[in-house]
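Using full-length UniProt numbering, read the sequence shown as starting at 1 and increasing by one per residue.
Hints listed in this document are in silico derivations from the structure and should not be mistaken for laboratory results.
With beta-carbon atoms standing in for the labels, derived distance ranges:
| hint | residue 1 | residue 2 | range |
| --- | --- | --- | --- |
| 1 | Arg258 | Leu236 | 22 to 32 Å |
| 2 | Arg41 | Glu321 | 46 to 56 Å |
| 3 | His166 | Leu236 | 23 to 33 Å |
| 4 | Gly152 | Ala246 | 28 to 38 Å |
| 5 | Gly312 | Gly48 | 53 to 63 Å |
| 6 | Arg41 | Arg170 | 29 to 39 Å |
| 7 | Pro138 | Gly34 | 21 to 31 Å |
| 8 | Gly307 | Pro37 | 50 to 60 Å |
| 9 | Leu276 | Gly244 | 17 to 27 Å |
| 10 | Val202 | Arg257 | 13 to 23 Å |
| 11 | Pro37 | Pro303 | 45 to 55 Å |
| 12 | Gly244 | Val202 | 17 to 27 Å |
| 13 | Ala149 | Arg308 | 35 to 45 Å |
| 14 | Ala254 | Gln123 | 45 to 55 Å |
Yeah, the Cβ is synthetic: ideal placement off N, Cα and C, and Gly gets one too.
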Amino acid sequence: MDGERVGADRSGPGPDVRATEAGVTTGALARRLGVSPTTLRSWERRYGIGPAERAAGRHRRWMPRDVAALETMCRLTSAGLPPAEAARLARSEAEVAGPPQDGTAAGPPAPVAAPAATGDVRQESRGLARAAVRLDAPAVEGRLAAAVAGFGLARAWQEVMVPTLHAVGRKWASSGDRYVEVEHLLSWHVSTVLRRHTRPPVAADGPATGPVLLACVPGEQHTLPLEALNAGLSQLAVATRMFGAAVPAEALTAAVRRLGPAAVVLWAQARSTASLPLAQHVAETRWGVKGARSRPLVVLGGPGWAGRPSQGMLRPTSLPEALGTLTAACGRLP
Numbered sequence: 001m002d003g004e005r006v007g008a009d010r011s012g013p014g015p016d017v018r019a020t021e022a023g024v025t026t027g028a029l030a031r032r033l034g035v036s037p038t039t040l041r042s043w044e045r046r047y048g049i050g051p052a053e054r055a056a057g058r059h060r061r062w063m064p065r066d067v068a069a070l071e072t073m074c075r076l077t078s079a080g081l082p083p084a085e086a087a088r089l090a091r092s093e094a095e096v097a098g099p100p101q102d103g104t105a106a107g108p109p110a111p112v113a114a115p116a117a118t119g120d121v122r123q124e125s126r127g128l129a130r131a132a133v134r135l136d137a138p139a140v141e142g143r144l145a146a147a148v149a150g151f152g153l154a155r156a157w158q159e160v161m162v163p164t165l166h167a168v169g170r171k172w173a174s175s176g177d178r179y180v181e182v183e184h185l186l187s188w189h190v191s192t193v194l195r196r197h198t199r200p201p202v203a204a205d206g207p208a209t210g211p212v213l214l215a216c217v218p219g220e221q222h223t224l225p226l227e228a229l230n231a232g233l234s235q236l237a238v239a240t241r242m243f244g245a246a247v248p249a250e251a252l253t254a255a256v257r258r259l260g261p262a263a264v265v266l267w268a269q270a271r272s273t274a275s276l277p278l279a280q281h282v283a284e285t286r287w288g289v290k291g292a293r294s295r296p297l298v299v300l301g302g303p304g305w306a307g308r309p310s311q312g313m314l315r316p317t318s319l320p321e322a323l324g325t326l327t328a329a330c331g332r333l334p
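The task is simple: from the sequences and hints, build the whole structure.
Right under this line is the structure:
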């Protein structure tokens, strides 16, 4: 019935209904979830939450992905969501995250422990995607914190946060207006965790070594990669100045002249915002007294610069590479 609330068992999948390659029966799954077989058939008919395969004789066989979707459905309805909305989120989670790696039914997302081994990176990314699709902010925060604690900031960004953001973005691009709220929530919490791991700004070592200036080019709103770089540099005690999204060209040039930075990082997510003349102008900007004038190292970040000539400018392809480049420019060991 539309108004029913289901109290799903959260102790983890029992041995009688562990989803194997052959799948599990409707009766076994109903016992596991604490609902009736009639309820499962009703959900399939009304909301499209059904098994992907049927055995001979049209018997239902629930595969790992089906079981994971139903456990999500039960968890959300027990939390008070209407069944139709719970079913939509459960289907979306299954589409984005796919089945668990070990072939068993997925358990609830929290509490989240720090990853114990390097092989857990893909599992962490899947868990983060599931939590984001459910709009489960506490679980998203917990998984992001666990990833940073278990893998370190650079690897958590490179191998957990970025793949999950890309996966959600692809679903948004291919599904019309769906998943926009998921991407916004995930981006917000990624930003929150990155800033939580950003140490307070430090002063540059002296007039010979200025800070690293971080800015998105005019028209560019994607700041998360710069936030990750800023956090990583702060942990290495490198002085930075973060200017964030869509910095006007005149303001960028004025900041370079005022600060005398050791390096300027220009982020462009799209080719439409990647202005090579602006990058060259920044690279040629000089300051200081005659006979000892300096100019910054310009680092181009983001896919918008792909295929563009960048003589005298660097284009690191990963966060660890960018950290190494910039710590060297500032005279520090990476």
